[in-house]
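Chains Y and Z supply the protein sequences, listed in that same order.
Whatever position you read off the first sequence (first residue = 1), add 1152 for this note's numbering.
Whatever position you read off the second sequence (first residue = 1), add 863 for this note's numbering.
A hint or two may mislead.
Straight-line Cα separation of at most 20 Å, SDA-like style, residue types lysine to any residue; simulated pairs [as the list claims (entries may be wrong)]:
1. Y/K1310 - Y/A1266
2. Z/K891 - Y/L1193
3. Y/K1310 - Z/V947
4. Y/K1310 - Z/E957
5. Y/K1310 - Y/P1392
6. Y/K1310 - Z/N900
7. Z/K891 - Z/I933
8. Y/K1310 - Z/G911
9. Z/K891 - Z/A944
10. Y/K1310 - Z/A948
11. Y/K1310 - Z/E954
12. Y/K1310 - Z/D959
13. Y/K1310 - Y/A1509
14. Z/K891 - Z/V937
15. Y/K1310 - Z/V956
16. Z/K891 - Z/S943
17. Y/K1310 - Z/L953
18. Y/K1310 - Y/R1262
19. Y/K1310 - Y/F1299
20. Y/K1310 - Z/A955
21. Y/K1310 - Z/P892
22. Y/K1310 - Z/T960
23. Z/K891 - Y/L1382
24. Y/K1310 - Z/R952
25. Y/K1310 - Y/A1263
26. Y/K1310 - Z/M951
27. Y/K1310 - Z/L897
28. Z/K891 - Y/A1263
29. Z/K891 - Y/P1392
30. Z/K891 - Y/P1386
31. Y/K1310 - Z/L945
With the C-beta cut set under 10 Å, the calculated list includes, among others, these residues of chain Z facing chain Y [as the list claims (entries may be wrong)]:
32. L870
33. L873
34. L881
35. R895
36. G903
37. L909
38. A914
39. R916
40. A930
Calculated directly from the structure, the hints in this document are not laboratory data.
Using N, Cα and C, we set each Cβ at its ideal position, and we do this for glycine too.
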Amino acid sequence: MSAGVLLVLALTWPVAGLLAMLVAARHAERIALASIAAGCLVAAATLASVAGEGRALDYVVGGWLPPLGLALRADGLAAMLLAMSAAILGLVALSARSAFAVTDDPAQARAPFAFWALLLGLACALNLVFLGQDLFSLFVGLELLTFSAVPLVCLDGKRETLAAALRYLLFALVGSAFYLLGTALLYGAYGTLDLASLRLVVRDDASTALAVALMIVGLMAKTAVFPLHLWLPPAHAGAPAAASAVLSALVVKAPFVLILRLWFEVLPGAGAFAGELLAACGAASVIVCSVVALRQQRLKLMIAYSTVAQIGYLFLIFPLSPGPDPFGSLGLNGGVLQLLSHGFAKAAMFVAAGVLAEAAGHDRIADLAGAGRAAPLSVAAFGLAALSLVGLPPSGGFNAKVMLLSAAVALDQWWIALTILAGGLIAAGYAFRVLERAMAPAPEGCSFGEVTLRRQSAALALAFVALALGFVPLQPIGLLSIGQGVSP
Amino acid sequence: MTGSVTLFGLAGAGLVGLGLYGIIVQGKPLRRLLSFNVLGAGIFLLFGVAARRGAALGLGGDPVPQAIVITGIVVAFCASALAVALMMRLEAVEDDTAEGDEGTAL
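Start from the sequences, fold in the hints, and give me the full structure.
Written out as structure tokens, the structure reads:
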């Protein structure tokens, strides 16, 4: 029970930070950094406890047992995600300190305060989605996530970003309406919304299939997989760099984690055809959005399209993880590793792109010549992150794609294997196009602003984590199976 | 009594269909938002049907879906408020740009 308190702390530290911020708005930045540091400690302690004891952490809120009460649970997957989101939030917050420094000028004080407050709101929502065990608390977590993410998109208040935020909000709302509709059908059929109780009573009938299909479609719209991805590129490209980094690295992953839980935990052995359909959407994302990314003129739009493409890989795992123990299968483990390494690599890329855009005063890829000399650490971070996105060793992306590829070949899914290979090739195209321009000598009369090394180091640190994930062994991660397969 | 529950269920399904149709067909954000609210009302009605059907003997309804609907209404209200705020802000910014363009033209 004592270790279970960690789960409560994971939900309360962002709220405590938010409340403190309301009292002392002038210290918003310091409060946010201090609370995120506390959050990193909580996540590390949770991960250490789950990995050390080899079993999931449980906490029953208020002592009311499900199905009437709500449960929180950190299994291996949740512990890993908690640690990932805390680390990314921490590094991105460090990189955002100068862009969102709190000032005394009331006209400019709004954006920094909103940024730090929304960052803590995101942290709370993410932790709730990772730890919640009740379909309705998960819905509340998803909505909280949307309400924190949408204003982050339009912090600068320009026309384009407002329009992008509105479109994002409408897509997200329809997605959650679908999710809630599925929840209503499941409650009507089984009378419980607790994941563990559902798993015990779930039947293989048409109404369950319809409910889960509705929920997954809604979550797909929030994850932005082809063909429901149209909202993502303008929203993620228009947001300030630090906001784009958390949006692309973390926010779109949360609904995907729910799809994983529904598919592998509530409905083990769901239809093979549905799995192939999800994988086909993923494959279309990988190919179509990689090609579109290749044709972008603006750096941040290119990175945003690359996000949709990389999310496509996650959907390839559904036909690749068959059998009674999906959490021990190569396909699911490759997918989770892809999720983690894409999180770090994409955050690094957006933060580096923000520094480059600030130094150059624009983000046109064609005019980036000379950036390599003006902001060398940022270009290095971009390059290292690109290794992971392309899937070159050593990087987390390489290991993830090798695992997915071996699973596809072993299961005779040749079209998935071809998609993975082709996606890597096109990703190399769009990544090297930027690197080639950035490394070129600056033309006459072109000037770049100065960027301090401290600001560039956060992106480099994120990219190094993506690189370090390349040193995990190429086999199922033991941690992922913790808390799976045994009914509580 | 079964008849009325079925009727409410059908009405909920009808609202969901109407709302979804509106979201897909309507182009203007405000109309889409209103369609979303129709869709939401349909879903809440379906929760009500689940509550009535799952009622224990002698009780009017299962309280859990009712609690869910109350929370859901609060969430949908917040979402609508956020969307309307964004729309008003967008319109204000567009008016400013339109005036700015006229100013430069003159």
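Now for the hints, and whether the structure bears them out:
no.	hint	in the structure
1	Y/K1310 - Y/A1266	16 Å, holds
2	Z/K891 - Y/L1193	46 Å, violated
3	Y/K1310 - Z/V947	17 Å, holds
4	Y/K1310 - Z/E957	9 Å, holds
5	Y/K1310 - Y/P1392	12 Å, holds
6	Y/K1310 - Z/N900	27 Å, violated
7	Z/K891 - Z/I933	28 Å, violated
8	Y/K1310 - Z/G911	42 Å, violated
9	Z/K891 - Z/A944	16 Å, holds
10	Y/K1310 - Z/A948	14 Å, holds
11	Y/K1310 - Z/E954	11 Å, holds
12	Y/K1310 - Z/D959	11 Å, holds
13	Y/K1310 - Y/A1509	17 Å, holds
14	Z/K891 - Z/V937	24 Å, violated
15	Y/K1310 - Z/V956	7 Å, holds
16	Z/K891 - Z/S943	15 Å, holds
17	Y/K1310 - Z/L953	8 Å, holds
18	Y/K1310 - Y/R1262	15 Å, holds
19	Y/K1310 - Y/F1299	19 Å, holds
20	Y/K1310 - Z/A955	11 Å, holds
21	Y/K1310 - Z/P892	18 Å, holds
22	Y/K1310 - Z/T960	10 Å, holds
23	Z/K891 - Y/L1382	17 Å, holds
24	Y/K1310 - Z/R952	10 Å, holds
25	Y/K1310 - Y/A1263	13 Å, holds
26	Y/K1310 - Z/M951	13 Å, holds
27	Y/K1310 - Z/L897	25 Å, violated
28	Z/K891 - Y/A1263	28 Å, violated
29	Z/K891 - Y/P1392	27 Å, violated
30	Z/K891 - Y/P1386	18 Å, holds
31	Y/K1310 - Z/L945	17 Å, holds
32	L870	16 Å, violated
33	L873	14 Å, violated
34	L881	13 Å, violated
35	R895	6 Å, holds
36	G903	6 Å, holds
37	L909	5 Å, holds
38	A914	9 Å, holds
39	R916	7 Å, holds
40	A930	9 Å, holds
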